[in-house]
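Novice: Make the full structure from the sequences, and use the hints.
Residue numbers (our numbering), protein chains in the order written: chain A, 1 to 222; chain B, 1 to 1009.
I should point out that these hints are in silico values taken from the structure, not numbers from a laboratory.
Do not rely on the hints blindly, as some may be mistaken.
[As the list claims (entries may be wrong)] In silico lysine to aspartate or glutamate, EDC-like type, Cα no more than 20 angstroms apart, as pairs:
#, chain 1, residue 1, chain 2, residue 2
1, B, K683, A, E132
2, B, K683, A, D80
3, A, K133, B, D759
4, B, K683, A, D78
5, B, K582, B, E442
6, A, K133, A, E114
7, B, K683, A, E114
8, B, K683, B, E748
9, B, K284, A, D168
10, A, K133, B, E728
11, B, K914, B, D1000
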Amino acid sequence: MIQMVTSNMLNDTQHPDEKNTIKPALYALMDQCTSGDVAMESPVVHTAIANDGIQNNGIKVVEEAFLSHLVIRGNVNDQDFISAIETAASMRLPEKLQTSQGAHATIYWVSPDEWLIATNKDAFETEANLREKLSGHYALVNVSGGQTRLLLSGSNSHRLLHAASPYDFHLSNFPVGKVITTVFARAQALIHRKSIDEWELIIRRSFSDYLALWIEDFIISC
Amino acid sequence: MTEINRLDSGGNIDRTQKITFTFNGKSYTGYQGDTVASALLASGVNIVARSFKYRRPRGIMAAGVEEPNAVLQLGKYEATQVPNILATQQEIYEGLTCRSVTGWPSCDVDFGGLIGRFMGKMLPPGFYYKTFMKPAFLWHTYEKYIRKAAGLGRSPKESDADRYDHVHHNIDVLIVGAGPAGLIAATRLSAANVRIMLAEETTEMGGSLLSSQQDINGKDAKVWVKAALKDLQANPDVRLLTRATVNGFHDHNFVTVNERVTDHLAEKAPTGQARQILHKVRCKWIILASGAHERPLVFGNNDVPGCMTASAISTYIHRYGVIPGSRLVLMTNNDNAYHTAIDWYQCGRTVIAVVDTRPNPEGKIVQKVREMGINVFAGKAVIDVRGRNRVTGVVIADIEPSGQAVMGMLTTLDCDTVASSGGWSPVVHLSCHTGCRPKWREDIQAFVPGSHRENILFAGSVNGHYDLANCLQEAVNCADQIILNESLTVQEVLGDFKVESALEEPIMPLFSIPHTKPVMQSPKQFVDFQNDVTVSAIDLAVREGFHSIEHVKRYTVMGFGTDQGKLGNINGMAIVANALDKSIPEVGTTTFRPNYTPVAFGTIVGRYRNQLFDPERYTAMHRWHCDNGALFEDVGQWKRPWYFQAYPGEKMQDALNRECLAVRQSVGIMDASTLGKIDIQGKDAREFLGRVYTNAWAKLAVGKCRYGVMCNEDGMVFDDGVTACLAEQHFLMTTTTGGAAKVLEWLELFHQTEWPELDVYFNSVTDHWATIAINGPNARKLLSELCEGIDLDKDKFKLMDWRQGIVAGVPARVFRISFTGELSFEINVQANYGMHVWKALQVAGKKYKLTPYGTETMHVLRAEKGFIIAGQDTDGSVTPLDLGMDWCLSNKKSFSYIGKRGMARSDCLRKGRKQLVGIQTKSKEVMIPEGSQAVDNPYQPLPLEALGHITSSYFSANLNQSIAMGFIKDGFNRMGDTVYYPQPDGTIITAEICSPVFYDPNGDKQHVE
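Specialist: Next comes the structure, spelled out in structure tokens:
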């Protein structure tokens, strides 16, 4: 009896339909942004960080909202992969724990086979441009809705990091340009030292209310 | 009250800043820089506590963290109450309010004192095991009063008004203790370009040098301290912390340091400041320069106020300008304590005598004291103290050179203060935290740190180097060892010193002074003051057969107070050793665990309280849910709408009924964004899916979705979800909300360790997509009003299809999948647009009475259809076969799948396994509580044979009856049988085994026009 009912869920018979069947392609590239006048909400829209950000006593946090975030996966030993990315992005693919900075984008090393590109250019065009050059085994994933970038700055900004994370942020261990993904408060963040007193934090959407509260709690009491 | 014991000059206090504070309801004064203890002593306060068992008056004994008696309850307001603060550590500030934690109801007029004599009889060693045992039910009553009388302080009833913080440090060298050793080590290392933290427990750096009269480099030691600190402060890589106790030494040189940032400033921390900070320090090296505590000698009535350790008196004189009495008798078994006699003498007060237990002390300092005209009695000891609320005199007598017995005549001396010194106990606590046992050194009669594994070095008196020259040299050696090991370049050699060595005569191995009477009849000789453990109590414990020191400790509760026996433990061990006629190392060592001193809960918690305690994960539509009456359910860290109240106060069951009916009759909307979503790309993606799911994936076409079950290697179901084929080499997998991270990890694990040859990448896109599910017969109509670019015709867009189009102006992927059995669409849009699309649907849905629903309604609706929830209807012991999901197993795959072999084990195939079936109660309105066990015959002899438990149970408004799913042994073959569910209240629910599909068994509702 159970079989009969639930087999409906498994309805696997194909009904080829000229109009509705998706055109065969290796990857589903999708323009996920609308050109229309539609309200967007950044992950921190309901927090103190929204709009002008929050600052006190030499620490400032603002959001750099609505950037395009693309995850790049590939094999560093695959020269074609590397040159395709570098040609398409006109940027170097950064080494371990490093970033590379372009006019409109930053590429962050994330793990031995993963990078993140954050750009103020359109995500769809960026992805399409990359896919055009890439072949072989790789993956590109648009995660623009799933995370956001915060800019932490100020002469006391390191104090916030030392409270949030056990990682060693001393200049000798964390020079400008370095990036790590690590525990931040009780969630995680990708942390990039942009300059001596400027840090980029990339946080996940679902944790952003919590992290904004934490950051606010720290900043008002620092 | 006037400060009768305040010296005219001296002490590191600010005499221009007079401070008023309250102790036990009375007002006292002191100066900026005073501790509560120094200010009370200055005012001549004798009694600060009542003892635990005997209710005896107790005074201040020490000047630091080892103080056993002066334990305070601090705080003027309920929210600022702090228990177990030491008067010897707490600095005074204007308006400070404190009281003794002991001596309920008051320590001056303590009715306990009257009953103390028989209280002692009621509370012999091991009283926890001996008295108050009968009748057992009264123990809770006894305990309440014992605890209250014991005076362990109390925690605030209101939430803490203060803020606490955690700070992480990654450094090269942590130096524990800023006495001479710590300071010189820091100085030497500061030239080596390393990151250093120097943590000092007290308010001021300098340690013993602050109350010393020795010179360094030909100048007063205090001048040297000042200069050293100035240089260290100028170095940005040196972090100096005062009022910072290094409380825990953990594995891998991880150290926790508790800094009391504002405790000395006010009742509540200044706005914006953390009251205390927990420093979490990760360091390459530790130099432990934690110093030593002086231990008192044990003698008759040694707890009468006015009995103190010798060094404490020197500290009060030098650091606070306070002399705690007029006429001093000093008893010692070593040279060092003579300094206290000199200090006392130089304040212009009378030293009645120095009583030296050694038969023939002839050291330099002994000569010096004799030359001052002070009486030095050699080979004698104080055997008893006169006085009750304050010392009035002592009884001294000759003792045998062995220290075992009293000889000759007794003499009485008038005095008001008894200082005693039994030598020094190195503060080895931290070295023990990682499991290293201290070792006994006979020559100094003390435990020093034992062997150790981590990069930890010891310098100064913690290692038994009491002489200043040796102490400094050892610290310099430690620094040099680090410089050598780390191959550091030193810009400049710092920390050279010149100090005159003060040669001392050896200490006499003596801990407890004998009395003319035998132990059991002699006056009380206290070993552990906080817990009222006496020599006779230890003696009794030994006679009752407790020979291991660990047993003696537990039986007598020696060392179990908030002071952890810092003053008394070594004496106690010596007494046990003596009673057993063994040496101290033979009796054993005690070890120490973190924390070294009590730490406030607030400090341990830090910022992580209330909303910051644990992350709450929100979807893009969370605010709407909050604004529209949602009550939330925790699913992992996610907050998911549980159900929506249509009006404030709507009852849960009413809301559920309303939501359930709305979905089945018109259309409901649910936020499904929390479901885990994993983007899978690569030419082997399809093959990989076939290996991790139990069913077939080879032929799933682009534009199609399929439900899949994932099993562990043992064949047990652990997650399920729908995966869509987005393109030839591109899939989107959904997982349960709680299982998302686990599934991604599972995929990575198998990819990285078992099948690295497969070309596939997995990425989490859970947060990237907002997912909106619309369910119900009107779902298509609703969607059609907002949707462009998708032919929604039921034959063009079939169940288990997905299409790309525009919804409410936003590019979307729409999946026609259903977890309710109704016509259903799941709309995925980039999360930044989630709220817009959700709101647009609300507006368009008005005419269909679109009803938001939560997880509970979802659960009811899926249960009506017999759909399982992995984790609720499964528990890691259930195969797909047990769930009746054999249709979900593919035997045609060229490669195996995870769990295939596991579920083929004979035990998984045997007859009589528990199988998931529907359960229908005979009385349709009765609901069976989840977890209830089924039996065939509720009247069979105990134990009842359980057939299986209820996994899901709800009231279905659509069917107007209760529905349930549960496991029954051999359930598939028992359809129609009656089973019974006995309840804890004695009732028995009768039910029938049925199909789990209660609603729309043919699935017609999913295909409505």
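Novice: Indicate, hint by hint, whether the structure satisfies it.
Specialist: Here is what the structure says about each hint:
Between K683(B) and E132(A) the CA atoms are separated by roughly 17 angstroms; this keeps the pair inside 20 angstroms, and the hint holds. Our distance criterion of 20 angstroms between C-alpha atoms is met by K683(B) and D80(A), whose separation comes to about 17 angstroms. Only pairs whose Cα atoms come within 20 angstroms are accepted, and K133(A) paired with D759(B) is accepted, the gap being roughly 19 angstroms. A C-alpha spacing of about 16 angstroms is found between K683(B) and D78(A), which places the hinted pair at or below 20 angstroms, so the restraint holds.
Our distance criterion of 20 angstroms between C-alpha atoms is met by K582(B) and E442(B), whose separation comes to about 14 angstroms. Simply put, K133(A) and E114(A) have alpha-carbon atoms about 18 angstroms apart, close enough for the 20 angstroms limit, and the pair holds. For a cut-off of 20 angstroms, the pair hint linking K683(B) to E114(A) stands: about 18 angstroms separates their Cα positions. A C-alpha spacing of about 16 angstroms is found between K683(B) and E748(B), which places the hinted pair at or below 20 angstroms, so the restraint holds.
For the given pair, K284(B) sits about 13 angstroms from D168(A) by alpha-carbon distance, which is consistent with the 20 angstroms threshold. Pair hint K133(A) plus E728(B) holds up; C-alpha atoms about 19 angstroms apart against a cutoff of 20 angstroms. Distance hint between K914(B) and D1000(B) is unfulfilled; the C-alpha atoms sit about 26 angstroms from each other, more than 20 angstroms.
Going down the numbered hints, you'll see the structure goes against just number 11.
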